[in-house]
Amino acid sequence: MITHLHSATILVGDQEEALRFYVGTLGWEKREDLRFGPVHRFLSVAPPGAVTSIVLGQPEVYAREVVPGGTGITMMTPDVAAAHAEMSARGVPFAGQPQVMPWGTKATWFADPFGNEYFLLEG
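Each residue of the sequence shown is one higher than the one before, counting from 1 in UniProt numbering.
These are computed hints drawn from the structure, not numbers from a lab. Where is the CB? At the ideal position from N, CA and C, for every residue including glycine. Among the clues, some could well be false.
Stated by the list, open to error - Now the in silico label distances, taken between C-beta atoms and shown as ranges: (1) P59 x A95: 17 to 27 angstroms; (2) E17 x A89: 42 to 52 angstroms; (3) T71 x E29: 30 to 40 angstroms; (4) G96 x M1: 14 to 24 angstroms; (5) G27 x F114: 15 to 25 angstroms; (6) P59 x E86: 29 to 39 angstroms; (7) I73 x P102: 17 to 27 angstroms; (8) T3 x D112: 15 to 25 angstroms; (9) R90 x V23: 32 to 42 angstroms; (10) A63 x A95: 14 to 24 angstroms.
Using the sequences provided together with the hints, build the complete structure.
Below, the structure written as structure tokens:
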């Protein structure tokens, strides 16, 4: 069962400038700032108290041309294996079995009938 939206990604040309705008100008909070290798930076912000975050995505990592069908939307579930089994039984196509991500959380991807892909994260 999906419980809530975790995040949605927007593309920004400069993550530091975007961070200054959302945190400094709008008064939002920086939620996550993780680096994967020399290029990929996962940076998210949200209004204080919000459940859903906005990921400030790098175009070279998150663009639809790089990830065809990618929506940049992450959904949460308390048990990704159970959600995978339940949704698969209902005919939802998945990219594969849930797996442990580099940051240690289990996740997988699924698609809607139109080819839009969503990231399903346990937590």
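Structure-based check of each hint:
no.	hint	result
1	P59 x A95: 17 to 27 angstroms	22 angstroms, holds
2	E17 x A89: 42 to 52 angstroms	45 angstroms, holds
3	T71 x E29: 30 to 40 angstroms	23 angstroms, violated
4	G96 x M1: 14 to 24 angstroms	20 angstroms, holds
5	G27 x F114: 15 to 25 angstroms	36 angstroms, violated
6	P59 x E86: 29 to 39 angstroms	35 angstroms, holds
7	I73 x P102: 17 to 27 angstroms	20 angstroms, holds
8	T3 x D112: 15 to 25 angstroms	18 angstroms, holds
9	R90 x V23: 32 to 42 angstroms	40 angstroms, holds
10	A63 x A95: 14 to 24 angstroms	18 angstroms, holds
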